[in-house]
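*Asks:* Take a look at the letters that make up each chain.
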Amino acid sequence: MNKLTDKFIWKSLKDGDLKAFSVLFETYYPLLHNYGLKISKNIAVTEDSLQDFFIYIYEKRENLSDLETIAPYLFTSYRRFLLNIMKKNAKLKYVDFSEETITDIEFTKEELMTNQEAESFRNKNLSKLLNKLPARQKEAVYLKYYTGLKAREIAEIMNINYQSVVNTLHKAIKNLKEEVSILKLFK
Amino acid sequence: MIKKEYNNILDFLEDSSFKNWAEQNNATDINYWEYWIANNPEKQELVTKAKDLALGLSFNKDFVSSDKVNLEWTKFETKIKNKKTVSKRKLRYLKPLSIAASIALLITFGFYFFTQNTKIIHKTSYGEILNIKLLDGSNVTLNSNSSLSYYKNESRKVWLKGEAFFQVDKKLATNAKFWVLTNDLSVEVYGTSFNVNSNKEKTAVFLQEGSVWLDFKNGGDKKMVPGNYISYSSVKSEILESKNITNAILQTSWKDGTLLFENLSLEKAMSIIEQTYGYAIVFKDLESKNTIITGAVPNTNLDICIKAIEKSVDVKIIKKENKLIISKK
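Residue numbers (this note's numbering), protein chains in the order written: chain P, 1 to 187; chain H, 1001 to 1329.
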């Protein structure tokens, strides 16, 4: 979505414009739904938390600060929102909760195309290899190539600078490449 | 978009021609980059890295369906509407105060309107197309026999009679909403390009890009997504047509000076000609009425337009007074 349109939608939303809110909802619901599933691995938790999250945003719209781009704000605040809910749930069940392990994104076999654009990635076990990467690298890969966010937006979400996003992504791709080529040796 | 200096990985990644080369998409870019790489061997490592990142990984994205999103939206809407009625009850005692405030506001605004308001009207005659740049930077192409008016202090609210294509400036879309009003409906714009065609019977809106809401005269509303074509009549108080148009150019070609007909009966095509040039159409026989026409004709030159039609279908067109008389050859 266009950045300038973002700014406009955000402003209309702050003025209580329900139509602007529906534009926002339609754009970000699918992305956040997927993101929520990746983190919570539970559909009910994801969908309930998303409803509550959007209501939370709507109700405090007047106190929201002005934004140039919406995505980073929504992703970070939704993650925080979701983790809080998961923390509460874990307490109820006396489960040990650590953010590190729980925010670890996992990719399914079906999500990874076997026919990759880059030839070196055409591998049946790509999802396994990708899931083995460090959490930060996976998150960068997810936000960039799955969600389609821009590097600047990812930088905000991951709270690192632009150059680090590129470096992290590159490390991920490089690691993957090496893993794939090692795997090919044993074929 | 070819830059001269490529010193770090971002310089490559931000260059669309580089991405085209990485994906082997565009012959010119492929040639350019192959030449460039051959001549800059010291950048080979950077190029490889940047190519890896540009290609990245491709996913089968598993997002929820739009039906699901709509369902969730309805849930959400119901929830906040219920909450609203509760808070309204609490605030009832504030009502007299707010009425007084709105009266004061009305008086102030009324005064403002009296002193400030100059109405600006743009009008076109038959066979004329006008490009207008509004004060806020938005572009409007006004079709023949149409008029567009607005108040100088409120240039983002325009009244339209006839047909116009709008490209609302996104840079300034942050200031205020853009509105197009016709006899049948109003279009509420969220930074976008679209076509509005209003005549006596109806108003038809085609959205090319972005997002708009239609607010109908009967109080209903509808959101449009790109490709949607909706026509509405306030007389009948109903939506006449709601469809998806994949070939946008058929809807918007008029602004570049051509009318495109695709498998249209000559009767329908000539009614568009009637709207454009203001000549009444008379068919001498049924057969020519039902002839199917496909092709492009100009909309600012009637003589060439007639010749083009005569050439593409087997009819003869005679221009007489204010009429076009059509008969089989």
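Certain hints may be false.
Stated by the list, open to error - Here are the simulated lysine-lysine pairs, DSSO-like style, with alpha carbons at most 27 Å apart:
id, chain 1, residue 1, chain 2, residue 2
1, P, K177, H, K1319
2, H, K1255, H, K1311
3, H, K1255, H, K1319
4, H, K1075, H, K1051
5, P, K87, H, K1284
6, H, K1284, P, K150
7, H, K1049, P, K124
8, H, K1284, H, K1200
9, P, K171, H, K1329
10, P, K174, H, K1051
11, P, K19, H, K1223
12, P, K150, P, K91
13, H, K1079, H, K1161
14, H, K1079, H, K1051
15, P, K14, H, K1268
16, P, K184, P, K174
17, H, K1068, P, K60
18, H, K1075, H, K1236
19, P, K19, H, K1157
20, H, K1161, H, K1200
21, P, K11, H, K1081
22, H, K1200, H, K1075
23, H, K1157, H, K1255
24, H, K1081, H, K1061
25, H, K1200, P, K7
26, H, K1323, P, K19
27, H, K1049, P, K174
Think of the hints as simulated: they come from the structure by calculation, not from any bench. Predicted model only: the values in this text are computed from it and were never measured.
*Asks:* If a hint holds in the structure, say so; if it does not, say that too.
*Replies:* Okay, the hints, checked on the actual structure:
no.	hint	verdict
1	K177(P) / K1319(H)	violated (72 Å)
2	K1255(H) / K1311(H)	holds (23 Å)
3	K1255(H) / K1319(H)	holds (25 Å)
4	K1075(H) / K1051(H)	violated (44 Å)
5	K87(P) / K1284(H)	violated (80 Å)
6	K1284(H) / K150(P)	violated (62 Å)
7	K1049(H) / K124(P)	holds (23 Å)
8	K1284(H) / K1200(H)	holds (26 Å)
9	K171(P) / K1329(H)	violated (73 Å)
10	K174(P) / K1051(H)	holds (12 Å)
11	K19(P) / K1223(H)	holds (9 Å)
12	K150(P) / K91(P)	violated (36 Å)
13	K1079(H) / K1161(H)	violated (40 Å)
14	K1079(H) / K1051(H)	violated (48 Å)
15	K14(P) / K1268(H)	violated (46 Å)
16	K184(P) / K174(P)	holds (15 Å)
17	K1068(H) / K60(P)	holds (25 Å)
18	K1075(H) / K1236(H)	violated (32 Å)
19	K19(P) / K1157(H)	holds (18 Å)
20	K1161(H) / K1200(H)	holds (9 Å)
21	K11(P) / K1081(H)	holds (21 Å)
22	K1200(H) / K1075(H)	violated (39 Å)
23	K1157(H) / K1255(H)	holds (21 Å)
24	K1081(H) / K1061(H)	violated (33 Å)
25	K1200(H) / K7(P)	violated (37 Å)
26	K1323(H) / K19(P)	violated (47 Å)
27	K1049(H) / K174(P)	holds (9 Å)
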